[in-house]
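Numbering (the numbering used here), first residue to last: 6 to 296.
The reader is advised that the hints may include incorrect statements.
To be verified - Pairwise CB distance ranges (calculated):
| # | residue 1 | residue 2 | range |
| --- | --- | --- | --- |
| 1 | Tyr-219 | Lys-277 | 41 to 47 Å |
| 2 | Gly-203 | Ala-182 | 29 to 35 Å |
| 3 | Asp-240 | Ser-114 | 47 to 53 Å |
| 4 | Asp-283 | Ser-96 | 17 to 23 Å |
Claimed, not checked - Below are the DSSO-like pairs computed for lysine-lysine, each with C-alpha atoms no more than 30 Å apart in a straight line:
| # | residue 1 | residue 2 |
| --- | --- | --- |
| 5 | Lys-137 | Lys-155 |
| 6 | Lys-183 | Lys-163 |
| 7 | Lys-276 | Lys-137 |
| 8 | Lys-197 | Lys-183 |
Because the hints were derived from the structure by calculation, they are not lab data.
Keep in mind it's a predicted model, so treat the numbers as computed, not measured.
For every residue, glycine included, the Cβ atom is placed at its ideal position computed from N, Cα and C.
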Amino acid sequence: MKKINRRSFLAILGAASAAGLLSACGAASSAPAASSAAASSAASSAAASGAADVADMDPYEFLTDKKIGVQLGTTGDIYIGDDISGSKLGSAELQEFNKGDLAIQALLSGKIDAVVIDDQVAQNFVNANEGKTGILNTEYALEEYAICLKKGSELTAKFNEAIAARKSDGTLDAILAKYIEGSSDTGYVSDKTSYANGKLVMATNAYFQPYEYYDGSDIVGVDPEFAKAICDYMDYDLEISDMEFDSIIVAVNGGKADFGMAGMTLTEDRKKNVDFTDSYAQAVQSIVYKK
Numbered sequence: 006m007k008k009i010n011r012r013s014f015l016a017i018l019g020a021a022s023a024a025g026l027l028s029a030c031g032a033a034s035s036a037p038a039a040s041s042a043a044a045s046s047a048a049s050s051a052a053a054s055g056a057a058d059v060a061d062m063d064p065y066e067f068l069t070d071k072k073i074g075v076q077l078g079t080t081g082d083i084y085i086g087d088d089i090s091g092s093k094l095g096s097a098e099l100q101e102f103n104k105g106d107l108a109i110q111a112l113l114s115g116k117i118d119a120v121v122i123d124d125q126v127a128q129n130f131v132n133a134n135e136g137k138t139g140i141l142n143t144e145y146a147l148e149e150y151a152i153c154l155k156k157g158s159e160l161t162a163k164f165n166e167a168i169a170a171r172k173s174d175g176t177l178d179a180i181l182a183k184y185i186e187g188s189s190d191t192g193y194v195s196d197k198t199s200y201a202n203g204k205l206v207m208a209t210n211a212y213f214q215p216y217e218y219y220d221g222s223d224i225v226g227v228d229p230e231f232a233k234a235i236c237d238y239m240d241y242d243l244e245i246s247d248m249e250f251d252s253i254i255v256a257v258n259g260g261k262a263d264f265g266m267a268g269m270t271l272t273e274d275r276k277k278n279v280d281f282t283d284s285y286a287q288a289v290q291s292i293v294y295k296k
C-alpha cells in the first residue's frame, strides 16, 4: 500500500470535512464535486511529497543500480566510472554523451535514470525543462575549476599572477555576478585594441552554460570573459577554439591551443598530463533526475 504522509493526510481530511459540511447544509449535489476535489488534492499532495522524497535521497542510494548519464571526459564521467569500478553503485551503468544537453535529452526520453553534471549547468537544464526534472539536494562531489596548460609551460606562473590580480580587483566577482548570480549585466568589458605579446588560443567546449555557451555566433560565459580579462592583463589577444571536451587536453599538449578553460576540474589524474593554474572557482557535481 502506498504511504500517505502527514501533509497528504491533512489535505484529504480537510477536503472530506468540506464535503461533509456541504452535505449537512443540504448541498447534496455538491458532494460529488467535493469528493473529486478531495481526490485531486490528495493526488497532488502525494505527488509533491514523492518529488520531495526523491530530492532528499542520499546520492549514492539514488544512483545505485541506475543508468547514469555523463558528459564524456568530465569529472562526473571520472567519478561515476570510479564508483562503478569500486562497486559503490551496485549494478549501475555508465552512459557517456558528447554534450551535457544530449544526456538531459536521454533522461527526458527515459533512456537513462540520472545525469551527473556540474551544479550551475544542472540548474540551467532544470530551468529550461520546468517541472520535468529536479536536482538532488545533496551534492555528489565537490570540485575546483582551474586552467590547464602544457607541462612545464612558462605561461603557468603568468596565468597565476593574472588570476590573483583579477580576483583582487573585483573582476572575477563581477563576472560571476553577471553569469551565476544574475545580479549584474556588466561583467568585464575590455577596452584594449592592441597587444604587445601576440595572441593566445583557448580550447573550450561551448555547451556548458553558464561557463561557456553560444550567444548567436559568439562564445560567451564565465570562462571566455574571465579568460579575456586574464589575457588583457598579460597583454595577449584571445582566440577561442570550440571542441569536444575530451579533446581539450590533447589540443593543449599538441600545440593546437595554448590553454584549456572549460569548467575543468583540477584532478590528480589530469595533473599527470597537464599543468594547472591556481583555482578560480569552486563548484559541485549534482544529480539531475526525471520527475
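So, going through the hints one by one against the coordinates:
no.: 1; hint: Tyr-219 x Lys-277: 41 to 47 Å; in the structure: violated (32 Å)
no.: 2; hint: Gly-203 x Ala-182: 29 to 35 Å; in the structure: holds (31 Å)
no.: 3; hint: Asp-240 x Ser-114: 47 to 53 Å; in the structure: holds (49 Å)
no.: 4; hint: Asp-283 x Ser-96: 17 to 23 Å; in the structure: violated (40 Å)
no.: 5; hint: Lys-137 x Lys-155; in the structure: violated (42 Å)
no.: 6; hint: Lys-183 x Lys-163; in the structure: holds (26 Å)
no.: 7; hint: Lys-276 x Lys-137; in the structure: violated (38 Å)
no.: 8; hint: Lys-197 x Lys-183; in the structure: holds (21 Å)
The structure shown violates the earlier hints numbered 1, 4, 5, 7.
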